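Turn these sequences into a full structure, and let the hints steer you where they fit.
Take any residue in the sequence shown, count from 1 to its spot, add 1: that is its number in the working numbering.
A couple of the hints might just be wrong.
DSS-like cross-link-like pairs, simulated, lysine-lysine; straight-line CA separation at most 30 Å [claimed, not checked]:
1. Lys122 - Lys62
2. Lys62 - Lys130
3. Lys142 - Lys62
4. Lys142 - Lys130
Since the hints were derived computationally from the structure, they do not count as laboratory data.
For clarity, every value in this text was computed on a predicted model and none was experimentally measured.
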Amino acid sequence: MFRKALILQALPANKVHCVSSDIGGKPLRVLVVDDDPSIRRMIIAALRRDGYTFSEAANGKEALDVMRGYRPSVVVLDLMMPIVSGWDVLRERAAEPALLSIPVIIISANRGPELAQAMDKGICAFLPKPFDIAVLSAVVKSCILPEHPDRDIA
2 MFRKALILQA
12 LPANKVHCVS
22 SDIGGKPLRV
32 LVVDDDPSIR
42 RMIIAALRRD
52 GYTFSEAANG
62 KEALDVMRGY
72 RPSVVVLDLM
82 MPIVSGWDVL
92 RERAAEPALL
102 SIPVIIISAN
112 RGPELAQAMD
122 KGICAFLPKP
132 FDIAVLSAVV
142 KSCILPEHPD
152 RDIA
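So this is what it looks like as structure tokens:
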């Protein structure tokens with residue numbers, strides 16, 4: 002499965018949080034992966050109003066464990082993390098067909114050659130840090146909707 006990656010410029014301006022959004026009885030699940038807990042909290046707080054269920058991971062190892070067991074609808078993934086990097090997550094994802102079907106949104110402060118490399122990994126979108134949370138919300142929706150075209154997410 003190949004998708005054209007969505008590249009957005011930032012605009013100015015292992016807890017599970019359950020809320021009530023679903024498709025056919027299945028909750029829309031977002032996995033937020035960043036080694037900075039304040040960024041994870043900010044993303045979860047901002048997207049909570051969209052009605053997702055959340056899980057979070059502080060590194061790529063935790064992210065892969067959650068992806069294999071929790072089966073998120075979409076992953077918001079930082080690239081630069083300790084223990085196992087976001088790059089390692091993308092490599093593992095590419096090697097496992099079950100994981101390859103999970104859309105990934107990359108968030109990263111680095112904009113250089115990483116962008117082209119990330120696009121080659123079949124990501125759904127790339128958002129450079131800092132990013133506008135409203136843009137992230139729209140990107141999460143657009144990455145989930147191709148799998149569920151019958152669903153109108155608020």
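Taking the hints in turn, this is what the structure says about them:
Taking the CA atoms of Lys122 and Lys62, the gap is about 18 Å. The hint holds against a cut of 30 Å. In summary, the hint linking Lys62 to Lys130 is supported, as the alpha carbons are separated by about 22 Å, within the 30 Å threshold. In summary, the hint linking Lys142 to Lys62 is supported, as the alpha carbons are separated by about 25 Å, within the 30 Å threshold. For the suggested pair Lys142 and Lys130, the alpha carbons sit about 19 Å apart, so the restraint of at most 30 Å is met.
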